[in-house]
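Peer 1: These protein sequence lines are chains A and B, in that order.
Here the first sequence stands for residues 26 to 528, numbered as in this note's numbering.
Here the second sequence stands for residues 60 to 476, numbered as in this note's numbering.
What the hints contain is simulated information worked out from the structure, not anything from laboratory work.
Treat the numbers as computed from the prediction; the structure is a model and nothing was measured.
Do not rely on the hints blindly, as some may be mistaken.
[Stated by the list, open to error] Partial list, derived from the structure: chain A residues whose beta carbon lies under 8 Å from chain B:
| no. | residue |
| --- | --- |
| 1 | Ala327 |
| 2 | Pro361 |
| 3 | Met373 |
| 4 | Asn382 |
C-beta atoms are modelled at their ideal positions from N, C-alpha and C, and glycine is treated no differently.
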Amino acid sequence: MQLELRGITKRFGSFTANDRIDLVVEPGQIHCLLGENGAGKSTLMNVLFGLLHPDEGEIILDGEVTNFADSGAAVRRGIGMVHQHFMLVPVFTVAENVILGFEPTKSLGRLDYEKAAVDIRRVSKAFDLEVDPDAIIEELPVGLQQRVEILKALNHDAELLILDEPTAVLTPQEIEALMAIMRSLAAAGKSILFITHKLKEVRAIADVITVIRQGRVVATAKPTDSEEQLASLMVGRDVNLTVEKPASTTGGNILEIRDLVVRDDRGIAAVNGVTLDVRAGEILALAGVQGNGQTELVEALAGIRSVESGTITINGRDITNCSPRQILDAGLGHVPEDRQRNGLVLSMSVADNLVLNTPRRHPFASRGSRNLAAVNSYAETLVQNFDIRTGSTQAVVGSLSGGNQQKVIVARELSRTLSFFVASQPTRGLDVGSIEYVHQQIVKQRGEGLGILIVSSELDEVMALGDRIAVMHQGRISGIVTPSASRETIGLLMAGVVEVASA
Amino acid sequence: MPRAFTQFANAWVRLTSKSPIVVTFFAIVLGLLIGALIIITTTPAVLVSWRGLFHSWGGLGHALKVTFDNVGSAYRDMFSGSVVNPPEFWHALTTGKNWNQALTPISETLTYATPLIIASIGVGLAFQTGIFNIGANGQAILGGIAGASVATLIHLPMILHLPLTMLAGIAGGMIAGSIPGLLKAFTGAHEVIVTLMLNYVVALFLIFSLLSTALQRPNQSNDISRNFDPSAQLAPLFGTASGLRVSWGIFIALAVVVFAWWFLDRSSLGFDFRVTGANPNAARASGINAKAVIVMVFLLSGGLAGLAGVVQASSTTHLIDGGFLIGNAGIGFTAITVALLGRNRPMGILWASLLFAALGVGGRAMQASTGIPLDLATVIQSAIVLFVATPVLVKEIFRLHTAQTGAVQLATKGWSS
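If we strip away everything but chain A, and leave its shape as in the complex, we get (with noise of 0.2 Å):
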């Protein structure tokens, strides 16, 4: 299917989201829509798939002009999408979550699962897609769920995928995996539009691209460009890729974590055993597939869940179920995974939120009662020092963008006195030239000798970052490397094999 986006504006108050936007994407070609977040992307495609209604211009699908009054409209003229967040039902199996909304039905409405069943056989084995359709979708790993996902669009007869910022949960390996898939599905003459803001991608697979930045479309590049070339386009700056990073002298451990086993939500030891150490001015990457443990690690050493078994100790000091209070106390800094969750309130004004695990410290309260004045003048200063783009120190946090929201977590604890500092996911959903940023103010503090975790599953981020790089799998340390290791070494420790050199 051929489609062509004609002056697409789409305006929210005073703000310009899309500012006439012009797009083609032909039969067959993957069209990669390159730009930072809050850049317009995914207002674009939420216009495309009739979420959102345009303030101007067209949307032409096949020479003819549409309007798509909902996402069913979108679905039945046979565009499909792939969102961020899956939107599957984790208690359904793959068939029902892939005719959910159009389900194939015999007499009387009774659901026709055998229909469902030979369908997506039928769909899967065309586009080289393996999944069982009687598998529960909460049972199967991140890219067998983004799997289903194409499916379920396909199943519907899409012609043209859209697919956003898929390989944000994805293991190296299984990013080969959908390539292989984008590029089988555009053999067959789909159209793919594929959202992203990561260069490396964006070359292996691209036919051509489109680079957005403030809601207009800035240039269209080939896959042949550098990725710095790339990344001024999109940051509308020169940007410096590589993370430097001065030698810097290790000292005595900071963090000592010994036999540690931590139960999830399900009562499943999401760590067990792990024993690690963090040297002062050492970064220590932990790399790992998602849902490997390194988010019950993290959450543990935060005081956010309990231990079962195991000490943590930091400079020394046993924090093993100390609550968030003494820990932070003890001086450690932490980024959650989920800033949304567990680094935010969404509501409450910067300022606030800048001094949200500080509230009683001198001189932002005294005797019970705020000083609201010290607050907003401290705020001031680390809105400035950190570059957090706000109208002022008063606007509620979830109006800032992604980017701006992880900064707003980063500067807080930053700025505190801290011995040990633990970020998850650092840098996801943030464009580049808030990466470099994050990137630096880390190395900064290594510089400093404090003693760092790094839990990232950017690949690329762990190997920039990581004067060690241990990987995570299953709970377990699989192995500790240094970065000049090969991504396909990490890459199989990611996968639990654990038969290569360690370092």
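Since chain A is already given, all that's left is putting chain B on it; use the hints.
Peer 2: Chain B alone, transformed into the frame defined by chain A:
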């Protein structure tokens, strides 16, 4: 979905997402319109006049006149019964006489508003912390019982007796509040169930204590207490002789409003409360002790409800009986809607309490003079709250997530979480 309806919904959301005050204003207007519709459809005289249309076209003018007369007089009576009766007020202003009569309506409204403000602030503070305190009424009753005990059994000079009575009311409410608080904090019991059920327990305890020898009025077999000692009564502001019932309690209510404002906006503990209410996960991660917050918010919310109970008894009836805060008089229940209408903000609650009290008092005056039942006032109250809640509902239903997300937020977080 019909397009016109979607457009209307969109327009309503755009209009109302501007500011909470706009929403509330339109909600009140719409509430009064609905009240007018009910008056029209239920008043025989109005219906008869419309039937006249079948006989001649001239009947239209007559029918409209009768309609406006009826609706107009109902609302006029409501206004002059709860705020001010213009002729009486003009008379008092020009002659300097009969001031008491002119001020009676507003005095009554303030009398009803006084305990309502206090109780609603208590409920609103809990809402802000994400706690659904349905038990304010029970807490108010226990506060009343505790206050009545001090007011009738101990005899002291006023300077000690009155504060002690008030403190006893607070303590009674705190005791009732501590039960769901402790249960929620340490066992995870859901506060809605516990507080709701405790209302019944306390209501029965009220009868039990009023029939006990300690509290029951001597030589009586009814469930009624002794009179409060005069030293334990909140006296009328303008003296007993004035006939105006508004008492010194109104200053307690205003003090509570100021305290609540300071507490939420300026105190460290209030900050913990708000963080907990807005995002319990972030609260925990940033070192706030969730259990302590839950227990404290119940003590505070219950304490205020208890104070409301004792203020009610001490300023109006000067005794408690088996009907104390039962049924229509259950200010602890009204407080939930008032807190909702006031968006859990102290100033909002102050205005919402005054509005609800005025509608209630005015409704009685309207019933007395026009025969339209008092329930109309309740319908109007309910309609207003519904319309205040709809922008959020409409927004949710139509999934209209605009750039100003956060401009209008659910006033409470509901049952779950």
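Peer 1: So, for every hint listed, does it hold in this structure?
Peer 2: Each hint tested on the structure:
1. Evaluation of the Ala327 (chain A) hint against chain B yields a held restraint, the C-beta minimum of about 6 Å falling below 8 Å.
2. Because the smallest distance between the Cβ of Pro361 (chain A) and any Cβ of chain B comes to about 6 Å, under 8 Å, the interface hint for this residue holds.
3. Here the hint on Met373 (chain A) is kept, as its CB sits about 6 Å from the closest CB of chain B, short of 8 Å.
4. Residue-level restraint check for Asn382 (chain A) holds (minimum Cβ-Cβ distance to chain B is 4 Å; threshold 8 Å).
Violated hints: none; the structure is consistent with every hint.
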